[in-house]
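With the sequences and hints as input, model every part of the structure.
Here is what each chain is made of, one letter per residue.
Protein chains: 2
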Amino acid sequence: MGSRLVSKTLIIGAAGMIGRKLSLQFSREDLLLHDVVPFDGASFVSDLSAPGEAEKLVASRPELIFHLAAIVSGEAEADFDKGYRINLDGTRRLFEAIRKVGDGYKPRVVFTSSIAVFGAPFPEAIGDEFLNAPLTSYGTQKTIGELLLSDYSRRGFFDGIGIRLPTICVRPGKPNKAASGFFSGIIREPLAGQEALLPVPETVRHWFASPRAAIGFLLHAAKLDTAQLGNRRNLSMPGVSATVGEQIEALRKVAGEKAARLIRREPDATIMRIVEGWPRNFDARRALALGFRADASFEDIIRIHVADELQKSSAPRTNSA
Amino acid sequence: MGSRLVSKTLIIGAAGMIGRKLSLQFSREDLLLHDVVPFDGASFVSDLSAPGEAEKLVASRPELIFHLAAIVSGEAEADFDKGYRINLDGTRRLFEAIRKVGDGYKPRVVFTSSIAVFGAPFPEAIGDEFLNAPLTSYGTQKTIGELLLSDYSRRGFFDGIGIRLPTICVRPGKPNKAASGFFSGIIREPLAGQEALLPVPETVRHWFASPRAAIGFLLHAAKLDTAQLGNRRNLSMPGVSATVGEQIEALRKVAGEKAARLIRREPDATIMRIVEGWPRNFDARRALALGFRADASFEDIIRIHVADELQKSSAPRTNSA
Numbered sequence: 001m002g003s004r005l006v007s008k009t010l011i012i013g014a015a016g017m018i019g020r021k022l023s024l025q026f027s028r029e030d031l032l033l034h035d036v037v038p039f040d041g042a043s044f045v046s047d048l049s050a051p052g053e054a055e056k057l058v059a060s061r062p063e064l065i066f067h068l069a070a071i072v073s074g075e076a077e078a079d080f081d082k083g084y085r086i087n088l089d090g091t092r093r094l095f096e097a098i099r100k101v102g103d104g105y106k107p108r109v110v111f112t113s114s115i116a117v118f119g120a121p122f123p124e125a126i127g128d129e130f131l132n133a134p135l136t137s138y139g140t141q142k143t144i145g146e147l148l149l150s151d152y153s154r155r156g157f158f159d160g161i162g163i164r165l166p167t168i169c170v171r172p173g174k175p176n177k178a179a180s181g182f183f184s185g186i187i188r189e190p191l192a193g194q195e196a197l198l199p200v201p202e203t204v205r206h207w208f209a210s211p212r213a214a215i216g217f218l219l220h221a222a223k224l225d226t227a228q229l230g231n232r233r234n235l236s237m238p239g240v241s242a243t244v245g246e247q248i249e250a251l252r253k254v255a256g257e258k259a260a261r262l263i264r265r266e267p268d269a270t271i272m273r274i275v276e277g278w279p280r281n282f283d284a285r286r287a288l289a290l291g292f293r294a295d296a297s298f299e300d301i302i303r304i305h306v307a308d309e310l311q312k313s314s315a316p317r318t319n320s321a
Numbered sequence: 001m002g003s004r005l006v007s008k009t010l011i012i013g014a015a016g017m018i019g020r021k022l023s024l025q026f027s028r029e030d031l032l033l034h035d036v037v038p039f040d041g042a043s044f045v046s047d048l049s050a051p052g053e054a055e056k057l058v059a060s061r062p063e064l065i066f067h068l069a070a071i072v073s074g075e076a077e078a079d080f081d082k083g084y085r086i087n088l089d090g091t092r093r094l095f096e097a098i099r100k101v102g103d104g105y106k107p108r109v110v111f112t113s114s115i116a117v118f119g120a121p122f123p124e125a126i127g128d129e130f131l132n133a134p135l136t137s138y139g140t141q142k143t144i145g146e147l148l149l150s151d152y153s154r155r156g157f158f159d160g161i162g163i164r165l166p167t168i169c170v171r172p173g174k175p176n177k178a179a180s181g182f183f184s185g186i187i188r189e190p191l192a193g194q195e196a197l198l199p200v201p202e203t204v205r206h207w208f209a210s211p212r213a214a215i216g217f218l219l220h221a222a223k224l225d226t227a228q229l230g231n232r233r234n235l236s237m238p239g240v241s242a243t244v245g246e247q248i249e250a251l252r253k254v255a256g257e258k259a260a261r262l263i264r265r266e267p268d269a270t271i272m273r274i275v276e277g278w279p280r281n282f283d284a285r286r287a288l289a290l291g292f293r294a295d296a297s298f299e300d301i302i303r304i305h306v307a308d309e310l311q312k313s314s315a316p317r318t319n320s321a
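Protein chains in written order, with the working numbering: chain U, 1 to 321; chain P, 1 to 321.
None of these hints come from the bench; they were simulated from the model. Treat the hints loosely; a few may be bogus.
Taking lysine to aspartate or glutamate and the EDC-like style, the derived pairs with C-alpha atoms no more than 20 Å apart in a straight line are [to be verified]:
1) 8(P) with 53(P)
2) 100(U) with 79(P)
3) 100(P) with 77(U)
4) 100(P) with 79(U)
Set out below in structure tokens:
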């Protein structure tokens, strides 16, 4: 990849887990990296929603833009104004800044959306024509981002593609307080010899992709012939649908009974209620036909975590402070 | 209706065709009427998207708000900035103004959306779970309004309901340049003894409601127990699906062969291309189950136009300048 693909690549939200892994896929000299938090190698540190900041990011006319920046679900729910300011206004300011460059500038824009654009009740598997009825402010903001991306693309202001990521699993790093945190925790902690809490029954089903698969989606989206998309530029990515019971069984296969025994059941009604509104399974036919590839199984998702996070050696380290 | 229902009713976009007809359904002393264009009986004349204006509209805490104001499809497509400013920012400013009243204020908000939130390709009939993939900036802005309405309602800031109106037919008044204008023109002009142009083949199918049915939808939405909606607060209204050929046959039945002969075929490839992207038919099951009622047939739609516009006598006149 890298300079062969485009002249300049801008990654907005580059300090996050996906942003850091994505950055490693490009030659450093081709990259413009942005985040609101300072980090090693940053080209810009700013609040995307502040007047004039988006304009600075696109002033050098990067031909490929990954827009990964977002206030996450829990925080957007807790802080209504902040969620709308960053996730809606920030995204709109970026799109407006690109439009206003004019002069034939028409970059590829890859926008990370989320399965949070869907809300229960669901069919058995969510198809490509299922309505967006999000049940969180975050999901609402991501859906609005998708709609703006489609309209700006249809108008010819840029060449956009929206990628609805499954829940990323196994997320490396420390446990966090996200309601979805346990999906990674029950794998990551036992692999590190530590206890993990499981707040929901083993029958809970959810939709997963490894960080490696997510990076694959973004790179594929960057190269895709978007003429194939018609006017529907937002795609549910393929993933692995697994119950918590199947997750645990896969852990047992990869790391043995001892690891599986480190999972402690501690039912939490609040988390259960939140999780009940989340997608469980997709029929991601369009994305598959367009060449997006999911992990092969939940066992593979665990093996990828082991290979990329626990056994990694030669890969250059980015800041993970 | 009127004072029995609520203490105060605000109609935003009250000078439009639907706004004027809706106003007549309430006692004058209960009404606050707003539009951007001056009109008889206006309580407010202002640009909803201008800072501070939305706050003035809700300062007296109206318990029922109809938000009908919009830049229409053709103009929103021709003037990108104006469409987003009025249809997105104006709507958001209104919702924010309501939220910021606080202090237990939680009005019913009835928002007129449109079948333009859908874009081709379509199934045979568009169901209640079909995706929103609009093909115009107007449709994009209406979809965003729907999403905001859902999220603000879920958060408890107001009690919202979005009503996706079919194409209103027969629109009274002069012919206009909207691409959809001919659907009304081929009925209205012949009934008035005048020639009408038909730019598309008779096989074109579309989705209609009379102005009377539209007013019925809005009044029903104002009274509905919204607990029945769950978190899906935007509803495709029932309507009449008819081909242009069926429209003409209905005209023939109501007004005779002489009227039907006043329709002159003048194919227009541009209009045909636009119309091809429009919805043709719906399966509006949810709205029907909730008690929304469509016109019985296209013949009835014509008879309603004759009764309400051509034979009207006792109904008080609003400004129609």
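We went through each hint and held it up to the structure:
1. 8(P) with 53(P): Satisfied, since the Cα-Cα distance of roughly 18 Å is no more than 20 Å.
2. 100(U) with 79(P): At roughly 15 Å apart (the allowed maximum being 20 Å), residue 79(P) and residue 100(U) satisfy the hint.
3. 100(P) with 77(U): holds, 17 Å
4. 100(P) with 79(U): holds, 15 Å
In the structure shown, no violation is registered for any of the earlier numbered hints.
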